[in-house]
Amino acid sequence: MIDLERRMGPLSVRAWGLVLNFGFNATALWGLSHLVRGAGGTAALAIGALGTVCCVAVLATPSR
Amino acid sequence: MTDSTRPAARRRRGPADHERPIGGPAGPLPARGRDPQATLDAEVAALEAARDLPLPRRVLTYLKLGGPGFLGAALTLGAGTLTAAMLAGATFGYRTLWIFVLAIGSGSFMLAAMARFTCRDGRSLIRLQRERQGWLMAVVLTSLIGMVSVAVVFNFGQYALGTHLIESLAGFAGFSFPQRYNWVVYMAITVWLTLSYGRGRSGTVLVERFMKWSLALMFLAFALTLALVGVDWGALAKGLVVPWLPRGIEGIDLFIASSAAAVGVMDWLMFHYAGLAKGWGPKHEHLARVDIVLGLAIPFIAINTLVVALFAGTLQGSGSIPQSAAELARALAPLLGERGAQALFYLGFLAVPITTTVGMSLAGAIAMHEALGWKPDVRSWRWRASVLLPQVAFFGAFAPSPLWLIIIIAGLLSVTNNVVGWSLYLLFNDRTVLGEHRSRSYWWNLGILVQVTLLNLVAIAYVFNRLGWWTG
Chain Y
1 MIDLERRMGP
11 LSVRAWGLVL
21 NFGFNATALW
31 GLSHLVRGAG
41 GTAALAIGAL
51 GTVCCVAVLA
61 TPSR
Chain U
1001 MTDSTRPAAR
1011 RRRGPADHER
1021 PIGGPAGPLP
1031 ARGRDPQATL
1041 DAEVAALEAA
1051 RDLPLPRRVL
1061 TYLKLGGPGF
1071 LGAALTLGAG
1081 TLTAAMLAGA
1091 TFGYRTLWIF
1101 VLAIGSGSFM
1111 LAAMARFTCR
1121 DGRSLIRLQR
1131 ERQGWLMAVV
1141 LTSLIGMVSV
1151 AVVFNFGQYA
1161 LGTHLIESLA
1171 GFAGFSFPQR
1181 YNWVVYMAIT
1191 VWLTLSYGRG
1201 RSGTVLVERF
1211 MKWSLALMFL
1221 AFALTLALVG
1231 VDWGALAKGL
1241 VVPWLPRGIE
1251 GIDLFIASSA
1261 AAVGVMDWLM
1271 FHYAGLAKGW
1281 GPKHEHLARV
1291 DIVLGLAIPF
1301 IAINTLVVAL
1311 FAGTLQGSGS
1321 IPQSAAELAR
1331 ALAPLLGERG
1341 AQALFYLGFL
1351 AVPITTTVGM
1361 SLAGAIAMHE
1371 ALGWKPDVRS
1381 WRWRASVLLP
1391 QVAFFGAFAP
1401 SPLWLIIIIA
1411 GLLSVTNNVV
1421 GWSLYLLFND
1431 RTVLGEHRSR
1441 SYWWNLGILV
1451 QVTLLNLVAI
1461 AYVFNRLGWW
1471 TG
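So the sequence lines, in the order shown, correspond to chains Y and U.
Going by my numbering, the first sequence opens with residue 1, and the numbers climb by one from there.
Going by my numbering, the second sequence opens with residue 1001, and the numbers climb by one from there.
Be a bit skeptical, because a hint or two may be false.
Unchecked claim - Across the chosen pairs, the derived CB separations fall in these ranges:
# : chain 1 : residue 1 : chain 2 : residue 2 : range
1 : U       : K1064     : Y       : V58       : 40 to 46 Å
2 : Y       : A43       : U       : W1404     : 36 to 42 Å
3 : Y       : V53       : U       : A1042     : 45 to 51 Å
4 : Y       : A43       : U       : V1242     : 29 to 35 Å
5 : U       : L1224     : Y       : V58       : 45 to 51 Å
6 : U       : A1237     : Y       : V19       : 39 to 45 Å
7 : U       : G1411     : Y       : A43       : 55 to 61 Å
The hints are simulated quantities; they were obtained by calculation from the structure and are not laboratory data.
Only a predicted model underlies this, so the values are computations on that prediction, with no experimental measurement involved.
Glycine is no exception: its CB is placed at the ideal position from the N, C-alpha and C atoms.
Can you build the whole structure from these sequences, using the hints too?
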């Protein structure tokens, strides 16, 4: 079980999770914009979407 | 409100037990009459008695005691939101109605977190942010960008729309009253209301009642004009529950912007501070949640649905569609037939910018005080200057709005709204802030994170657009 309240440098794991989620959001949107234009992007969309779902699912865990 | 006029219950209860107060007096809170504690006690007694009442009477009690939710609806239902609804109806018919439900649904989780801070902690959130996360988050991102600049810059659109509607209404009455003169009337109404808020219980109640009745007027005006136009009930029901988007980038843009833009920093914080102003404590938390639904979510969905249906039934498929609210209203009016119906539509529509100007002015003033650490006092010159600052937008009545400024602020807001969302989510989950009242629910956190992720997407799409990566 991940301790989301543990400090990792300047931020807590929960805060780093938000940053990671943002990165996955950007990856998904970059992939989607390419896919819509017919210029590939499927892999980026899949990685970004899966990463977003995982981040949100983990970060929704309340602190103990 | 000064320390001496803070409700006794809040002084006794204070913040979380394990920690001394950080913020001190929680923002510019208005007085609650001569005996604030007696008023609060009477409210709590009424709420407890309401539990045993039949549903309609219980709802009436909640409607009477609520207020911050209506203030939130007035803030959210401004010229921008209504223009988006008009355009959506005129362009896509009923098919994008579901986005309004999603938008307010995801926003409600964060608003419920604001209610938790208000009722269980009682400290000013901006001061809490400053103590825990630094001045950049509290002063720059939340107060100055998220609230003060929004209150000033987005008021140009309210002035432009409001004065256009007054000019049109004067035309129905048979005389000419152009925008270059009637802005004085718009200013007089909005200044009177904003300065009334906090002037004792009667002033606060006056503004809250004005917001409630204005929302009722919007609803009635749009509903009656819609009754003339007619409704495709099947398409309306389908539009509310079946997701649909136009193909391509346009659809992604529409989804991201519409789903995330309904509720943002100003709405979150205004709900929190309006609750503090009413002196809400632990026994008001249920009322606060009901207020989010009855005061904010239902009016938001109902009024947007009426506007979408009105434009879907009249302008959809009519060729070139105007892009501004004033032009859209002008295009719609002749299609309503009766002059009375047209005037009613304009009157209901006029309530939109007026309530938004008042709500934004109050939110901006609170944020200004919190940002600069000013002692809150609604009778001080600082409060008057702060609350009247958005009135500089009267230029919008007769001069082009400063588009460059609006673009800069909208851009800054797009890329910072989500970060303030991160900040509030972190505080809500911090056991050293809310103690036993921190988030204990997986699903509550999930709802907040869905909204935060939607706001992330807005920020990313904005940056991609600037870099030319979005449309290729």
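Hint by hint, here is what the structure shows:
Hint check: K1064/U to V58/Y, Cβ distance near 42 Å, so the stated range 40 to 46 Å holds. The given range of 36 to 42 Å is respected by A43/Y and W1404/U, whose C-beta atoms sit roughly 39 Å from each other. A beta carbon spacing of about 48 Å between V53/Y and A1042/U agrees with the range 45 to 51 Å that was offered as a hint. For A43/Y and V1242/U, the hinted distance range of 29 to 35 Å is satisfied, since their beta carbons lie about 30 Å from each other.
For L1224/U and V58/Y, the Cβ-Cβ distance of about 50 Å falls inside the hinted range of 45 to 51 Å, so the restraint holds. Distance hint for A1237/U and V19/Y: a CB-CB separation of about 41 Å, consistent with the stated range 39 to 45 Å. For G1411/U paired with A43/Y, a C-beta distance near 30 Å fails the hint of 55 to 61 Å.
Comparing the model with each earlier hint shows a violation of hint 7 alone; every other hint is respected.
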